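Chemist: Next come the chains, spelled out residue by residue.
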Amino acid sequence: MLDATPKTQIKREALRINSCKTCQPVGALYAALGVHRCMPYSNGSQGCVAYHRTVLTRHYKDPMMAVSSSFTEGASVFGGKSNLTTGVKNVFDIYQPDIIAVHTTCLSEVIGDDLKAFIQDLDIPEGKYVVHCNTPSFKGSHINGYASMMGGFINYLSQKTGQSNGKLAVFPAWSEPSDLRLLKSYLEQMGIAYTLFPDQSGVVDAPMTDHFEYFPKGGTTIEEIRGLGDCTQVLGLGEWTIPEPCAALEKKCATPSTILPYPIGIQNTDRLLMTLTDLTGKPVPYAIEEERGQLIDLILDQHIWTSQKSCAIFGDPDFILGVTSLVLEMGMFPKYVLTGTPGHAFPKMCQALFEAYGVEDQCQAFEFDDLFDLHQFIKNDPVDLLIGTNYGKQIALAEGIPFVRAGWPVLDRYGHYLWPNIGYRGAMRFVERISGAIMDHVDAVCPDEDFDVVM
Amino acid sequence: MPHTDILTERRSFIGQGGGKTVSCDRDSVSGAVSQRACVYCGARVVLNPITDAYHIIHGPIGCSSYTWDIRGSLSSGEDLYRNSFSTDLSEQDIVFGGAEKLTRAIDEVVAKHHPRLIFVYATCIVGVIDDDVEAVCRLAEQKYQLRCIPVKSPGFSGNKSYGYRMACEALMSLIRPASRQPRRLGVNLLGDFNLAGEIWIIRHYLEAIGIPVIATFTGDADYATLMQAPQATLNLVQCAGSMTYLARQMEDEFGIPYIKVSFFGREDTTASLIRIAQALGDASLIERARSFTQEQEAQLLPFEQAWREGLAHKKAAIYVGGGFKAISLIRQFNAMGMETVIVGTKTGKADDYELISQLVGPNTVILDDANPAELERFLKEKGADLLVGGVKERPLAYKLGLAFCDHNHERRHALAGYEGVRNFTREINLSLNSPVWSYMGGSI
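Line order of the protein sequences matches chains A and B.
All residue numbers for the first sequence refer to this note's numbering, where the first residue is -8 and numbers rise by one.
All residue numbers for the second sequence refer to this note's numbering, where the first residue is 3 and numbers rise by one.
Hints are computed from structural coordinates only; laboratory data are not their basis.
None of the values given here were measured: they were computed from a predicted structure.
Yeah, the Cβ is synthetic: ideal placement off N, Cα and C, and Gly gets one too.
Just so you know, not all the hints are guaranteed correct.
Said to hold, decoys possible - So these bits of chain A aren't anywhere near chain B, every CB distance computed over 12 Å: (1) E235; (2) T249; (3) I279; (4) K300.
Claimed, not checked - Here are a few chain B residues that face chain A, going by a calculated C-beta distance under 8 Å: (5) G33; (6) V35; (7) C40; (8) D90; (9) A113; (10) K394.
This is chain B alone, in the form it adopts within the complex (with noise of 0.2 Å):
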């Protein structure tokens, strides 16, 4: 058995519920198993959706295999984002400068089709030998009439959220030209990357109320949308790890009010929507935003009473990417008759650590960038019956004997909106009474 004690370093970056916060937003301890991703992670996994863009990544070959085709963004259009392609750089490009097969790269891109928006990722090793990526691009789009975007993301100058910075950077130099547009009644969704069609569920929402979405970032965004994301009125964030930068940079550039919404559980649906209606300020949209959600509720209400039995009294876990997603798992579990247990994420925000301590009793543990062995720990110490989490936490809770619904982009089935709800009462349930349990522990 291993040791489980927590390394020093770490014990500030653990508290309890009930008012006290922890430790966030710093890098991770060196020989940890962090799960963590790299700043380039982070830059990729919200641009990457872009389904018409060509993403180019100047490195060598592992930083593009890995994230080829991973995030489970669906696309109505174009599947070009679902290659990868590379500059596979070599020992020679790295002693004498990688910025010409870049120039080569992007050269042969274009002969072979004809591309409207490249993004360039600058990944660690570029990083250091300090190739001109910028120059590269901006040559490109003089000779060719393109956009060519560099993406800075070297993997050693910060974490994944300086990863989402960059991405959105790389984001506003895409629209910045644009900026000049007439306004019309209209929204664009920010931090939605479409995994398992989420965006086309709000979207249908938003426009049965009679709000239209203007822009989609970055889920089943093409370059001719994104481009008339100026023209919006206001702008929801959803993911605001990744995407409140950007709201920011919007509402400072281009006048854009935002305001954060979330779209998992009943609870922050209704409320989301409704909220949405008020901030555009249209006594009719209030008003049929009040009846579309009360709509919804009221059917989505039997539906909770059926599968309330199985669920309630059990306990959950939640280790997730960002603070606003744990934030409506704890109120999801909450309207479940569940109890939070523990509550980690990887890139939360002190502002989020403070609202998620007053959401939770003083008995739930709260982690940033927990390790496996912290995990483990307190699941144990905790008896947690479910884990909320990601790819590289999914084993680890059947390992435990836990239950386990994978809340990003590995999930199954849509978990936003009312029809979220649905599908993740009915995975959880499938998990935490699957007759597999009857078996552990036995012997023959």
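The following block holds chain A by itself, in its conformation from the complex (with noise of 0.2 Å):
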């Protein structure tokens, strides 16, 4: 497998192979997944809208439900309006959802559908909704996409009416359905009033119930969303995504925020759960500390298995950041740390890491980068794990390395969406799946006499 990949590197700034990023309009698709009865809307070609379901699709293993303009030959010579105006109606006339989420694609980008003046114009029905947001092919990544439709929700909907309603804004990075179950029951073990946006959990992870439903029982409510500029302070998690969110609701309606690291490993965990102790004055109850313990206790029973062991991290910033910060605190070394997604401000936070556990000089971490790249660090300069998405499983066979299937997009396995990363319950699982991994392959390859049943 990928035997086209050379030990030696060359240079290369037109060629994109082996990408680890894709385009902005999944991402805002997945953030209004997050919002209850509500259309995902993609005012583009079909092609874009079916990819998008069939990739959700292939993640989730559920339907994905999700519009498009269908814009033709005419629409890209006279703009998008007309498609738009007959498509709403068709989605409110058919699906009869709550709200529309529009977002854009490279075409109507390019061709500059204003789709402000396109939505002032449009006939919505009584107590429905029509939003919309940026989001060009062109730049940034699917991770860009999902905040900016954040940040569209809650330029449409969210209001100050100078009376607090007492409950903490909770901001996620993108998340699994899985985390953000967990996020809710940490909230609610500590018996904080909280608006969760997005929460794609019921959605995307929806239960067997005999009978299909477009719009299944979860997602942030209208009126959640609205109520957002009544919240007392919202806490982000994660630091490279959540800032633009944060910024849009507090430019609207002046609510504060506080941004932390995604919430996966020890320290980043730990503090989560102070700083919700912190702006709500609740305290962390016994059983959450209780976990915590049982995830130092596993961390200490394996850690001769893990501990100096090397690895390869990639995928989303937040995400990956929570992992690195993990492996770290599990003593082992995060070699090569790498995102397609572009921004600079990802290496610097790695790098922050890095020096805080002094391996700054045995780790490097890389941006705007894809996987051809990392495959070929690793022909150079072998690692003893790799841990992404299911695009890892190509090279991890070409070069013979265990391989832990974490973030998005993993479509070759059923069930990781159910289970979480984020949490001392998500850290837990990382922490199996490390070492399992590692062991299974001195399983797989040790002589015969030193295969043994006791390890």
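Using the hints, build the complex out of the two chains.
Modeler: This is the structure we're talking about:
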């Protein structure tokens, strides 16, 4: 597999090989799925939304509803207004969502569709909403699209009435539904009133109920998004992604925010819980402290297998920053940490982590990079473990290294979206899988005489 | 409960069996959850299985990342086609034009490897900013003595079928320079993408009968074998939707006749093998085709009888890409004693729908470019037990409590030929008779 990847690196500037990112619109679509009874709407030709639905369906193994303007030659010459007008009417007529969240595509951006003006001219049914955000595919990545759609909802809907609703707003970076469920369980265990936005749990991981729902139970409600302006404070989880929506809400409603790293690993989870206590005065219950103790116990039990091991981590900025933090806590070296999403902040954030553990000489971070480069790095200076999306499986096979699937997308396994990555429980799952992968590899390659049931 | 009323614009695309036909081959309705993809997708899925080609996607990153290694096309040779190459266009490229970046990207491919064949796909945005992709490719061919073929596939320029056609144009420009070659007995297989190794099965049948396979379009194909395609005496078109255009072109320009074949189901496999031998006009080949197919059918018969009991009278729904596959599936279900209650395609043509409406009874619903709302309504109304479709239909079927079989890129086993009948039968039985259905609908 991947026989075409040579060891010698040649500088590339124009050619992207085996990318580690995708385009903005899918991020906007995913964010919109986190709003209750919302139909994501792609203003472009129909291929884009077919791809987005396919990749989300392959990851979550559930139907993903989204529509498009179905641009044809005519729309690309005369603009997309008439397609959008017809499309929005059709969506309200047939699917009856409460809200339509429109995002743009490279095509509608380049032909210069003015979505704000188009939406103002729409005949929107009473009590229904249409919001939009701009997601030019030729800038940033799917992560920017996710943040941009959050901003779109806030800009259209959030209001400050002057009367606090006493709730804490929680803005997570791109999260699995399992992580959102865990986050809510922490908030509920601590007795904190909150609005989690967006919230894809109950939408993309809906249970089997015997009948198909276009709009399953989950998602942040329009009322809750409107009320964001009356929340006491925003707690943002994800230093890379979340500043943008926080800024949008601050600008519109002057709601202050605190932004923390995405809570993967011991310290990041500690900080989340301590900040929750600081902001609300509510103590961390013993049940959660007990989980922390179990996590430390687990790391200790298995540490001889993972300490000093090197790894490569790739994926989306906030998620892999969390994973990097966790592997450092386990005594591993994240030799290469790589994201396809552009942004100089990312390597700086990684550098700060490397320095905190005194491993800056052994570890490197890369932004706006691709998996062909990562493969070449590994060929030239191997690692003991690879952690990332399913696109790592070919590299892992080619180089004979153990592989732990994590992040988005993971198209080649089932059920991962049901188990957490964040919090102490998520970290326990990571530690179990990381040590398991390393030990499975030892079992697979060791001589017969070393093959043992006790490890 | 959302209304499952049918959009007025969609009504003519829905019909029933018994001779009446439906509207098709039009653009999707704005705002409908269409299961269709775009022109680029059509072109990419047709060409991507060429194993030793560099497929460079000229556009923003999404177009290449969503189509990276998705087809399930197997290779007996190189695995180059399983990488993803893109110019990853940025805002600056959009403003100043992307042609120069494309040129550099090709230079970088050449510096790294020694490609013989590059396809450059023009996506939506390239169509709008009007990069001269053809000129870039022409210059690359002159500079590096390789084949560099533009594929004109902006997403908005039509539907997925149009993308198939653009892929066929690209294939013609590839093989046209090799048109003057001596003919020899042999066939080209068109419209088989070697999903789950199906080409290897068909090739084995043909060779057992004594018919050499010269080139395959495009499953398990490489540059060298494609260039031999003009030597063939007959073209076999399997996926008619994507490859009839190429077959017609090859007939017009090279004088190679073609016939449409299908290797899905026992009946169609046998009929196709005999028709191929007949088309080649050699009495001994016809004789061998007859004895080969008789032998294969005889081996299959006990298998079919053993499984029939568990499947007979179950109701099947079909929602697949092209018309020809739908037709084969209807016949296959008939052979299993199952009833086909819904037939839909994403890109079926008028003559496909005519044949479909003759094959099914008046109670069968026929749909073109159906959306999930319509599928849901008719699946429930007709009481279907099983849906055969692709990736976006699978979770819908499961959520509605229906068994499912992927007859598209995610097929797990070869579904073609006599082996395919065994695999298909086992797979639908597995899904129809899984114990999981007994837990549905109940509470704790």
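Chemist: Checked against the structure, which of the hints given earlier come out wrong?
Modeler: none
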